[in-house]
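Protein chains: 2
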Amino acid sequence: MHILVTNDDGVAAPGLAALAETLRDLGQVSVVAPDRNWSASGHVKTMHKPLRLEPARTAAGAEALATNGAPSDCVALAVLGVLGSPVDLVVAGINPRANLGHDVTYSGTVTAAMEAAIWGLPAMAVSAVDGEGHGYHDAARVARALVGAIARHGLPPMTVLNVNVPALAADQPAVIAVTTQGLRTYADRLVRREDPSGRAYYWITGDPPSDTPEPGTDADALLAGKVSVTPLGLDLTHRAAAELLRAWRIDVP
Amino acid sequence: MHILVTNDDGVAAPGLAALAETLRDLGQVSVVAPDRNWSASGHVKTMHKPLRLEPARTAAGAEALATNGAPSDCVALAVLGVLGSPVDLVVAGINPRANLGHDVTYSGTVTAAMEAAIWGLPAMAVSAVDGEGHGYHDAARVARALVGAIARHGLPPMTVLNVNVPALAADQPAVIAVTTQGLRTYADRLVRREDPSGRAYYWITGDPPSDTPEPGTDADALLAGKVSVTPLGLDLTHRAAAELLRAWRIDVP
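Protein sequence lines, in the order shown, are assigned to chains B and L.
Following my numbering, the numbering of the first sequence begins with 1 at its first residue and continues without gaps.
Following my numbering, the numbering of the second sequence begins with 1 at its first residue and continues without gaps.
With the rest of the complex left out, here is chain B (with noise of 0.2 Å):
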């Protein structure tokens, strides 16, 4: 099996080496990852300008390949051949912050993942509530269990996996539960400032968001210290909001 293993904060993060060290238990593991960090970025396609592949190294000291490009980005170009080889499986991560509800249509993450979905591969995005202490570890383990379980039973075609890891005891087993994508709640606001010469400029900021967690959600799993693994489709048809749509018989004039 080999695993394409990319991220969106750059080849550098440590959340990226536990990831591909971990996994190399599974199969061949590469690594293509951003230059730099591309938090928030979304589900890009860059055509506009041209994409470098530089030698890299991960925080753990392994080979890697670098781009200019984003995580979808890194995603292409190895199922478009840079890597020599097929990618059968993508894995992205390790997000240092948890990736719920609403965030998986921003996060580079999961848009990684969405990527690999398009080209029909199974893919898995890989959060970590908590990047700091055993996060990473923990986070890798799972992943790894995860892949495990993909290359014995197939994941359905267009499916993505988001994960988020919640801090585990270190003498407890990880409990996975299957969740639905909750409702995040954004606390953003702007911060209006003037440069030296008086001209304004704004800063989107904000407190962190905070999370609905109704019953079976993302969010309520890592309430009770599970692992929350929602299952993504690429298909965002509304059909409950396609009947209604129906009964409104619009004309055009």
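I should point out that these hints are in silico values taken from the structure, not numbers from a laboratory.
Among the hints, erroneous ones may be present.
[Said to hold, decoys possible] Partner residues are not named here, just some residues of chain L that face chain B (Cβ under 10 Å, in silico): (1) Met1; (2) His2; (3) Leu26; (4) Lys49; (5) Glu54; (6) Arg57; (7) Tyr106; (8) Gly148; (9) Pro156; (10) Tyr186; (11) Arg193; (12) Leu223.
C-beta: ideal position from N, C-alpha, C; glycine also.
Knowing the structure of chain B, use the given hints to seat chain L on it.
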């Protein structure tokens, strides 16, 4: 009704001007758009750099604000208060090409609308299959009819309308089909080149994508000469896959 118009092609794009001018029949229109082209930019939240907001003009000479941020940043800036009065509805477009199938996860036009839905606003992304000729005029006409319908009926929360408008015959009324997101297949390939000093670089390029026009999909409606309106939801949970995963019983060693 206060309508925010934005796009991903930049404030000077003709599609943005056509949309803004046509929607003025329905209420107050404000334009906040990127100062450059952000196609295939995905869902971005810019928190790592300050955002500028400068007076600008649309291609029709109307007042606008231009920002160095992404399309989704335009929505966030407006919702967070830079316009001085609250926004009731967001329309992004008019994109000069169709946004079908998986395009919705890459498209800056669609992700601007998603940002609005996350903020609790009704939102629509509008694309003309052919931006030349009458394309923008027809698409703007359709957008106006749909905004009127949303004002009358409301949209369910967390819903975005992805609207694709084909070339319409001048003497024919537009027929609207409520569709599902179809399957678009990309024909990307990699072109490797070397710079004058012999270092490799890569272009992601390829032929235009092809569509599988299954009955009821976006592409099927366009083939039949109809306007495709696909309601997209922001809960990406793949519930059928969740059922499968629950049967896996994964141990984490």
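Going down the list of hints, with the structure as the test:
1. Met1: Hint on Met1 of chain L: violated, closest Cβ of chain B at ~17 Å, above 10 Å.
2. His2: Violated. Min distance 18 Å.
3. Leu26: Status violated, d = 12 Å.
4. Lys49: Holds. Min distance 9 Å.
5. Glu54: OK, holds: Glu54 of chain L within 10 Å of chain B, min 9 Å.
6. Arg57: Since the shortest Cβ distance to chain B is 19 Å, the answer is violated.
7. Tyr106: Since chain B brings a Cβ to about 5 Å from Tyr106 of chain L, closer than 10 Å, the hint holds.
8. Gly148: At 8 Å from the nearest chain B Cβ, Gly148 of chain L passes the 10 Å test, so the hint holds.
9. Pro156: holds (5 Å)
10. Tyr186: The hint holds - Tyr186 of chain L has a Cβ within 10 Å of chain B, the shortest such distance being about 7 Å.
11. Arg193: holds (7 Å)
12. Leu223: Hint on Leu223 of chain L: violated, closest Cβ of chain B at ~18 Å, above 10 Å.
In summary, the structure is inconsistent with hints 1, 2, 3, 6 and 12 from the numbered list given earlier, while agreeing with the others.
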